[in-house]
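Let the hints inform the model, and build the full structure from the sequences given.
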Amino acid sequence: MQITKIIYVELFKIFRKPRTYIAFGAIAAIVGLIQLGFYADGESYMKFGMQSLEESFDVKGKILNGYLMAYIILQTLLVHVPLLIALVSADMISGEANMGTLRLLLTKPVGRTELILGKFIASSIYTMLLLFWMAIWALGISILIFGAGDMLILKSDLVTQIIQSDVFWRYLAAFGFASIAMIAVSAMAFFLSIFSENSIGPIMATMSIIIIFTILNTLDLPIFNHIKPYLFTTHMLGWKGFFDVQVDENNVQIMGSIENLRGVLISAGILIIHIFGFLLGSIYVFKRKDILT
Amino acid sequence: MLSYGYHHSFILLIQIQHLSKSFGSFTAVNDLSFSVKEGEVYGFLGQNGAGKSTTIRMMLSLIRPSVGTIRIFDKDLSTERNQILRHVGAVVEKADLYNYLSAYENMRIFSLLSGVNLTRSEILYKLAVVGLEQRAGDKVKVYSQGMKQRLGIAVAMVNDPKLIILDEPTNGLDPQGIADIRNLIIQLSKEMHKTVLVSSHLLSEVELIADSMLIIHKGKKIVEGSVAALLDPALVQVEISTTDNLQTISALSNSQWAGQMQKLDAFKIILEVKKEEIAVLSKWIVDQGIGLTGLHSSNRLENYFLSLTSAHADN
Numbered sequence: 001m002q003i004t005k006i007i008y009v010e011l012f013k014i015f016r017k018p019r020t021y022i023a024f025g026a027i028a029a030i031v032g033l034i035q036l037g038f039y040a041d042g043e044s045y046m047k048f049g050m051q052s053l054e055e056s057f058d059v060k061g062k063i064l065n066g067y068l069m070a071y072i073i074l075q076t077l078l079v080h081v082p083l084l085i086a087l088v089s090a091d092m093i094s095g096e097a098n099m100g101t102l103r104l105l106l107t108k109p110v111g112r113t114e115l116i117l118g119k120f121i122a123s124s125i126y127t128m129l130l131l132f133w134m135a136i137w138a139l140g141i142s143i144l145i146f147g148a149g150d151m152l153i154l155k156s157d158l159v160t161q162i163i164q165s166d167v168f169w170r171y172l173a174a175f176g177f178a179s180i181a182m183i184a185v186s187a188m189a190f191f192l193s194i195f196s197e198n199s200i201g202p203i204m205a206t207m208s209i210i211i212i213f214t215i216l217n218t219l220d221l222p223i224f225n226h227i228k229p230y231l232f233t234t235h236m237l238g239w240k241g242f243f244d245v246q247v248d249e250n251n252v253q254i255m256g257s258i259e260n261l262r263g264v265l266i267s268a269g270i271l272i273i274h275i276f277g278f279l280l281g282s283i284y285v286f287k288r289k290d291i292l293t
Numbered sequence: 001m002l003s004y005g006y007h008h009s010f011i012l013l014i015q016i017q018h019l020s021k022s023f024g025s026f027t028a029v030n031d032l033s034f035s036v037k038e039g040e041v042y043g044f045l046g047q048n049g050a051g052k053s054t055t056i057r058m059m060l061s062l063i064r065p066s067v068g069t070i071r072i073f074d075k076d077l078s079t080e081r082n083q084i085l086r087h088v089g090a091v092v093e094k095a096d097l098y099n100y101l102s103a104y105e106n107m108r109i110f111s112l113l114s115g116v117n118l119t120r121s122e123i124l125y126k127l128a129v130v131g132l133e134q135r136a137g138d139k140v141k142v143y144s145q146g147m148k149q150r151l152g153i154a155v156a157m158v159n160d161p162k163l164i165i166l167d168e169p170t171n172g173l174d175p176q177g178i179a180d181i182r183n184l185i186i187q188l189s190k191e192m193h194k195t196v197l198v199s200s201h202l203l204s205e206v207e208l209i210a211d212s213m214l215i216i217h218k219g220k221k222i223v224e225g226s227v228a229a230l231l232d233p234a235l236v237q238v239e240i241s242t243t244d245n246l247q248t249i250s251a252l253s254n255s256q257w258a259g260q261m262q263k264l265d266a267f268k269i270i271l272e273v274k275k276e277e278i279a280v281l282s283k284w285i286v287d288q289g290i291g292l293t294g295l296h297s298s299n300r301l302e303n304y305f306l307s308l309t310s311a312h313a314d315n
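Those protein sequences? They're chains A and B, same order as listed. The numbers in our numbering rise by one with no breaks, and the one at position 247 of the first sequence is 247. The numbers in our numbering rise by one with no breaks, and the one at position 306 of the second sequence is 306.
Bear in mind the hints are in silico, worked out from the structure with no lab data behind them.
Dumping the calculated BS3-like pairs for lysine-lysine here, alpha-carbon to alpha-carbon at most 27 Å:
| # | chain 1 | residue 1 | chain 2 | residue 2 |
| --- | --- | --- | --- | --- |
| 1 | B | K139 | A | K5 |
| 2 | A | K17 | B | K139 |
| 3 | A | K5 | B | K141 |
| 4 | B | K75 | A | K287 |
| 5 | B | K94 | B | K139 |
| 6 | A | K289 | B | K218 |
Derived coverage of chain B by chain A (criterion: at least 3 residues anywhere in the stretch with Cβ under 8 Å from a Cβ of chain A; other residues may be distant):
| # | stretch |
| --- | --- |
| 7 | 58–68 |
| 8 | 100–113 |
Distance windows between CB atoms, simulated:
| # | chain 1 | residue 1 | chain 2 | residue 2 | range |
| --- | --- | --- | --- | --- | --- |
| 9 | A | R19 | B | D174 | 26 to 34 Å |
| 10 | B | S22 | A | P229 | 39 to 47 Å |
| 11 | B | I186 | A | E114 | 31 to 39 Å |
| 12 | B | Q256 | A | G100 | 56 to 64 Å |
| 13 | A | Q75 | B | D160 | 50 to 58 Å |
| 14 | B | L295 | A | K287 | 53 to 61 Å |
| 15 | B | V116 | A | L219 | 51 to 59 Å |
| 16 | B | D31 | A | I200 | 39 to 47 Å |
| 17 | A | E114 | B | S66 | 23 to 31 Å |
| 18 | A | G100 | B | S298 | 33 to 41 Å |
| 19 | B | Q187 | A | R19 | 37 to 45 Å |
| 20 | A | G100 | B | S204 | 20 to 28 Å |
| 21 | B | N99 | A | G140 | 35 to 43 Å |
| 22 | B | N99 | A | S208 | 27 to 35 Å |
Every residue, glycine too, gets a C-beta built ideally from N, C-alpha and C.
Structure follows, in structure tokens:
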């Protein structure tokens, strides 16, 4: 019962802070701008992209639809969303230490483990709500503006077409996966916030770690290849795997299939291990921490 | 039903035994032992940096002791923290609250976390006790420091605690704010029958509100006892200055006050005498043909505390 009260109190505090709405506003603004841009110039942009394809294929119908827009938006935004998540998660402990409310919280009959769990769950709920908000804008509003249809994904060496009836569940799964990835980021920011007495440090540290790991991922050097599979940043874009459709022996797509399901599950598993690692680390450190602020 | 440790005819609410806390090579609290009786206002006195806040933080489990035991309500804090804190309210240093929330909202969330579900009228009643019911809906960020401190005490009382711990509650307040907090502490003790442990670096503050007190210096206990006994008005220190201090010392050495002289030099003569003896002493000096140019009486403990303060300042 106590943990539900802590979660309620933490969510109440999160949603009474003005900074919480920066993230929601930023997502609405960025997605809205991308949609406006594609609404105005999307057709010419797509024609340019499809030039080489039209020499080999007879492309009919509307390529730029809500599903493709959502894919473009997700690919663009999910790299930046960690900053918006860190704004709240990195503040969960350090912000309280900075305000001096942490010592007041801990003079109440609330266990430290319970407090960490409650705060972590609240920050995870915030993360999921942020992604739900993003889904509404990226998918819902895009379908309203651009309509639905088969989804065409252009990659460097291949084009994938997914028929309309096989797309929507993939987005649900993709947003589910993205939630796990973003909760891993949230867990790291949360863990770092225990060591600081203001939220700037953990926010900067979270972003720095993501940037460094992302750079390591892009460097094709043998020395880094051994650690890459274990970096959470390697798996953050694993949601794309839901849009790789398996084909049968006749090269026909199998409805409802995922080409590399095992890879997607391994990525999700590694992200979940990171989440539990950071959470257990947070509990371990916080239980031993002297509250001196 | 709580059961506490009994000692003679009174109940010991807090029992601290051989408490120490070190941060690296620095010892903030050094082998401190004391006890607080139920129903009393206990003054915890010491200069800034004496170890008061560290001790209070250990009593609230904010800091883990290096050595020693803390028993509150006859329960061990290290094993029964939550059961103990259900009956404790505290303001540690400044009353820092959620500035972006109203006083009412702060009270509401801390009551939930304290395991009590106060109704709106109960919250407003508790705010009325500290004189803030008219400002219940205002965000805390617009409150003065004194109002925040009073709200902090109201937040400490959300669970109707048996024990209230206040760490330097008058710090940073104007004279009116100090008087308000002082009256509130007296009200908590006398009308609401709470046990209050209040720390301060001002003897004058503790003297006005406390029944018992403890003085610590550099983390060690200096003196503990009832305020009435420690600040015994019957015995005072008298500082004398005369036209010829050396002659005065010589005369005093052969007088009834010979054993009561504490400090003697060419500039200062200090004796410890009964209050009613001051007039007799001054007449006796004049009768010796010595001109009395100054006589100042003060409390022994006050002088002792001031000496600690000045020694600290010298360091």
